[in-house]
Amino acid sequence: MKLKNLLPICGLAFFLSACNSYKQVPYLQDPETVNNYGREIPLYDAHIMPKDLLSITVNTTDPAAAAPFNLTVQTPLNAATTTINTASQPTLQQYLVDNQGEVNFPVLGKIKVGGLTKNQAEQLIVEGLKPYLKETPIVTVRLSNYKISVLGEVNHPGSFTVTNEKVNVLEALAMAGDLTVYGLRNNVKLIREDAQGKRQIVEMDLTSSDLVLSPYFYLKQNDILYVTPNKTKARNADIGNTTTIAISGTSILVSLASLLVTIFK
Numbered sequence: 441m442k443l444k445n446l447l448p449i450c451g452l453a454f455f456l457s458a459c460n461s462y463k464q465v466p467y468l469q470d471p472e473t474v475n476n477y478g479r480e481i482p483l484y485d486a487h488i489m490p491k492d493l494l495s496i497t498v499n500t501t502d503p504a505a506a507a508p509f510n511l512t513v514q515t516p517l518n519a520a521t522t523t524i525n526t527a528s529q530p531t532l533q534q535y536l537v538d539n540q541g542e543v544n545f546p547v548l549g550k551i552k553v554g555g556l557t558k559n560q561a562e563q564l565i566v567e568g569l570k571p572y573l574k575e576t577p578i579v580t581v582r583l584s585n586y587k588i589s590v591l592g593e594v595n596h597p598g599s600f601t602v603t604n605e606k607v608n609v610l611e612a613l614a615m616a617g618d619l620t621v622y623g624l625r626n627n628v629k630l631i632r633e634d635a636q637g638k639r640q641i642v643e644m645d646l647t648s649s650d651l652v653l654s655p656y657f658y659l660k661q662n663d664i665l666y667v668t669p670n671k672t673k674a675r676n677a678d679i680g681n682t683t684t685i686a687i688s689g690t691s692i693l694v695s696l697a698s699l700l701v702t703i704f705k
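Those letters in the sequence shown? Residues 441 to 705, by the working numbering.
These aren't lab readings, by the way, just hints derived from the structure by calculation.
Any given hint could turn out to be false.
Claimed, not checked - The calculated DSSO-like cross-link candidates involving lysine-lysine, where the alpha carbons are at most 30 Å apart (straight line), are:
1) Lys-552 to Lys-606
2) Lys-491 to Lys-587
3) Lys-574 to Lys-550
4) Lys-550 to Lys-606
5) Lys-558 to Lys-606
6) Lys-558 to Lys-638
7) Lys-629 to Lys-550
8) Lys-673 to Lys-587
9) Lys-629 to Lys-491
10) Lys-660 to Lys-629
11) Lys-491 to Lys-660
12) Lys-606 to Lys-660
13) Lys-558 to Lys-570
14) Lys-673 to Lys-550
15) Lys-570 to Lys-552
16) Lys-552 to Lys-660
17) Lys-570 to Lys-550
18) Lys-660 to Lys-587
19) Lys-629 to Lys-574
20) Lys-574 to Lys-606
21) Lys-629 to Lys-570
22) Lys-587 to Lys-552
23) Lys-574 to Lys-491
Said to hold, decoys possible - Distance ranges between label pairs, derived from CB positions:
24) Gln-640 to Arg-675: 29 to 39 Å
25) Asp-470 to Pro-503: 52 to 62 Å
26) Val-474 to Glu-575: 26 to 36 Å
27) Gln-533 to Leu-468: 40 to 50 Å
28) Val-621 to Gln-560: 23 to 33 Å
29) Val-621 to Asn-544: 43 to 53 Å
30) Asp-470 to Pro-669: 22 to 32 Å
31) Asn-676 to Leu-548: 21 to 31 Å
32) Asp-470 to Thr-576: 48 to 58 Å
Where is the CB? At the ideal position from N, CA and C, for every residue including glycine.
Throw the hints in and build the complete structure from the sequences for me.
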């Protein structure tokens, strides 16, 4: 086959390869899948799980009446401190949810909050406090240790605290500085543990718009995202290791040859 006939074929092959590579890069392709979705997607609300750390405050018009339900952390006195800042607010006691999903609340004792949303837990405590207060209290429940972790082929891997108790996959990756050029966008793994301790690994495709409709789009507390490296990264790592070994071996041989020359002079 003549060279002039080979050139168009090579050019077409290169063009098709470039198009195929590009399709693996953009996020959320084919958005019509989501835009034409007929059913209503429910709003996400975090559920309380074992080992969650809760901040629970009770408020009434009479602060003295609510005081027994707002335990404060006892701060040890420092002998070197001679003045007390009376303007500072006391630190409220936080509640660790045990493996049975319960917290030990003042007066009420053990209450089951595991599996409840924040609003459901607030209403549960309000109903429990009604016999002890002359008015309906305002109860606020917050998750103090809502965090997720992102690792693998991202620019800034680490653990991140989420203050609003709601974060999706794309927001988590944005916190980690987005994927590197070596990250596989169609193979991001989500590692999750449920309230019973069962673990699962879910593979997600960031290039597909179906991700937005997935039940795993919003992350739960303590979820882990792992971005898989592509073959180029693995190949580069292998080349780096091989090069290091080769350089080390060459250095040893040169040193040995120099030693032999010195001995047999």
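Checked hints:
1. Lys-552 to Lys-606: holds (22 Å)
2. Lys-491 to Lys-587: holds (12 Å)
3. Lys-574 to Lys-550: holds (23 Å)
4. Lys-550 to Lys-606: Between Lys-550 and Lys-606 the Cα gap is close to 27 Å, so the pair holds against 30 Å.
5. Lys-558 to Lys-606: With Cα atoms ~12 Å apart, Lys-558 and Lys-606 stay inside 30 Å; holds.
6. Lys-558 to Lys-638: holds (23 Å)
7. Lys-629 to Lys-550: violated (37 Å)
8. Lys-673 to Lys-587: This hinted pair holds, its Cα atoms lying about 29 Å apart.
9. Lys-629 to Lys-491: Holds: Lys-629 and Lys-491 sit about 23 Å apart, inside 30 Å.
10. Lys-660 to Lys-629: Holds, at about 14 Å.
11. Lys-491 to Lys-660: holds (13 Å)
12. Lys-606 to Lys-660: holds (8 Å)
13. Lys-558 to Lys-570: holds (19 Å)
14. Lys-673 to Lys-550: violated (52 Å)
15. Lys-570 to Lys-552: Between Lys-570 and Lys-552 the Cα gap is close to 17 Å, so the pair holds against 30 Å.
16. Lys-552 to Lys-660: Roughly 20 Å between the alpha carbons, so the hint for Lys-552 and Lys-660 holds.
17. Lys-570 to Lys-550: holds (17 Å)
18. Lys-660 to Lys-587: At roughly 8 Å apart (the allowed maximum being 30 Å), Lys-587 and Lys-660 satisfy the hint.
19. Lys-629 to Lys-574: Given pair Lys-629, Lys-574 is violated - Cα atoms ~52 Å apart, limit 30 Å.
20. Lys-574 to Lys-606: violated (35 Å)
21. Lys-629 to Lys-570: violated (46 Å)
22. Lys-587 to Lys-552: holds (22 Å)
23. Lys-574 to Lys-491: Judged against 30 Å, a Cα distance of about 33 Å means the pair is violated.
24. Gln-640 to Arg-675: 29 to 39 Å: holds (30 Å)
25. Asp-470 to Pro-503: 52 to 62 Å: holds (56 Å)
26. Val-474 to Glu-575: 26 to 36 Å: Taking Cβ atoms as reference, Val-474 and Glu-575 lie about 46 Å apart, which means the hint is violated.
27. Gln-533 to Leu-468: 40 to 50 Å: Between Gln-533 and Leu-468, where Cβ atoms are some 44 Å apart, the hint holds.
28. Val-621 to Gln-560: 23 to 33 Å: violated (44 Å)
29. Val-621 to Asn-544: 43 to 53 Å: holds (50 Å)
30. Asp-470 to Pro-669: 22 to 32 Å: The hint (22 to 32 Å, Cβ to Cβ) holds, given that Asp-470 and Pro-669 are roughly 26 Å apart.
31. Asn-676 to Leu-548: 21 to 31 Å: violated (59 Å)
32. Asp-470 to Thr-576: 48 to 58 Å: About 50 Å separates the Cβ atoms of Asp-470 and Thr-576, which means 48 to 58 Å holds.
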